[in-house]
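Visitor: Each chain is listed here by its residues.
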Amino acid sequence: MNTEAARIAFTRTLLELAREDPSLFAVATDSRGSVTLTDFADELPNQFVECGIAEQDAIGISAGLANGGLRPFVCGPACFYTLRSAEQVKVDVGYSHANVKIIGVSGGVSYGALGSTHHATQDIALMRATPGLEIFLPADGPQTAALTRYLAKSDAPAYVRMGRAAVPTIYDDGARFIPGQANRLRSGRDAAVIACGEMVSIALEAAKLLACDGIGVSVYDMHTIRPLDEAAILEAADTGFVLTVEEHNIHGGLGGAVAEVLSQYKPTRMRILGLPDEKLYSGTSGEVFEHYGLTPQGIAQTVRQWR
Amino acid sequence: MNASELRILANLRRADAITMIYRAKTGHTGGAMSVLDILTVLYYDVLNVRPDMPLYPDRDRFLLSKGHSVEGYLAILADRGFFPKEELRTFSQAGSRLIGHPNNAIPGIEVCTGALGHGLSVGVGMALAAKRTGRDYRAYVVMGDGELGEGSVWEAAMAGANDRLDNLYAIIDRNGLQISGPTESTMALEDLRGKWTAFGWDVCECDGNDMQALLAYFHGAHPAGRPHCLIAHTVKGKGLPFAENRKEWHHKVPSEEQLQAAYAALGVGGVEWA
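Line by line, the protein sequences are chains A and B. Each residue of the first sequence is one higher than the one before, starting from 1 at the first, in this note's numbering. Each residue of the second sequence is one higher than the one before, starting from 1 at the first, in this note's numbering.
Quick caveat, the hints were computed from the structure, so don't treat them as lab data. We put the beta carbon where it would ideally sit given N, CA and C, even for glycine. Incorrect hints may appear among the rest.
[Said to hold, decoys possible] Each pair of labels, with its calculated beta carbon distance range: (1) B:Asp58 <-> A:Pro227: 33 to 41 angstroms; (2) A:Gly286 <-> B:Asp58: 38 to 46 angstroms; (3) A:Glu235 <-> B:Asp58: 27 to 35 angstroms; (4) B:Met158 <-> A:Asp277: 33 to 41 angstroms.
Isolated chain A (complex conformation):
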């Protein structure tokens, strides 16, 4: 099985595009190493801005660069951009409609053993309640590359959350990516699993386990949280049971978004699988997933129990 970290696909694609488009800028907060932007900074120094450890400043500077006709991608750990600089994201980017792409790497519990200071498990909730930004959680390398190509042309502000680790490749290189349109990766009649980000490949494994039990499960990759693909959610509800799976607090994330749609337009039995509302268990991200059942077995068990 091929694997690739989303951030690697992102920086490779951004560098390719930026060689041809001098308006594409990368902005960092002493984060060029963690984001893998060192090659970009070395090769295109005129299109690279180092802000030091100052996330609030970096978001504001990016809004100023956008005002000057540039297309900044401000890149650093998701935990710092969505909380430390939340007001700059709200005002300078969202409210002011500045064409800034906020790239949060090492999202969720990617930095598992570093503890909650370095976890980004509220970011989807925060960004969902901040008007003006598109929100993406790509599932693998090829999809991240396609998303990056979209972002480089788009005039809309956006927040993207990526994980740190290499994840299994789901999509072919050059696969079509349509913002706001979920991908149904597998079809089944007994239940639907809607996942985003790194949870998508795990959900697909869960569906295989359930197929062995004779339970047919649809799996949706909800790579775009805003604009949300409500039609796909309503379609998923036709199975009679919807499970959402996310590397995020169970409040306000993908599960909340899906529940808002279903409770208003098509009340459906559902469960939200994510990280509980507590001080999190510590370990590698894999160990944290294991602890909270964010695994093929955990997802399969939840479907068996609740559908």
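Using the hints, position chain B against chain A.
Guide: Okay, now just chain B, sitting in the frame of chain A:
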């Protein structure tokens, strides 16, 4: 434009601003008055802006980071022709785009401001964009003195010096008062000149309500390789005898009698749009 012409314009815009506050029954009177001479010099004499083409790429960039002083700013933008003056009647009315802080739905306003401590970072980005794209516009950011309590201001101060942005101007409306009282008894700022100097900025001070002094500063020579900070010493409530240097006028609304007293003190008969 000479200093006496600018003084007349500033008083006309003060009359507009106090009328807006009187009509809306809301506003930030003190700061709107202290900063008005700075805004007048910038918008009638210094800034390269085009009301007929607000997004002209080579325009100078201006940010009112102390966004609560919006009334005089809106009056100036309207008078310069960025939007119809009659629209000032809608200030703070339901559904208006003329809200209580700068709103970039209004032509001429670059970025929404009002949450303090944001403007200088955005100004750094604007000035940096000019440097990186070979344009020669400048970025001017007006901040309040109380605003300097926000830590993000000092992040931006470091960045401006680090990037040697000599096309960036930070202008501090040093009226000495914030909502709770004197800045020095709320969160002391002095030695303010020493702080900006230590951060690597070219620092000047002047009387920020003196047109001649402001003209001399903005038309003077400024050293290359460093961003510029003007500590403009002003009087909160400037021009309104009942409001000058009184902290309660941070966001107090004038009575009808005070409005008339303001017109008399400013030497204007009223405003034509109201």
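Visitor: Could you work out which of the previously given hints the structure breaks and list their numbers from low to high?
Guide: The structure breaks hints 2, 3; every other hint is satisfied.
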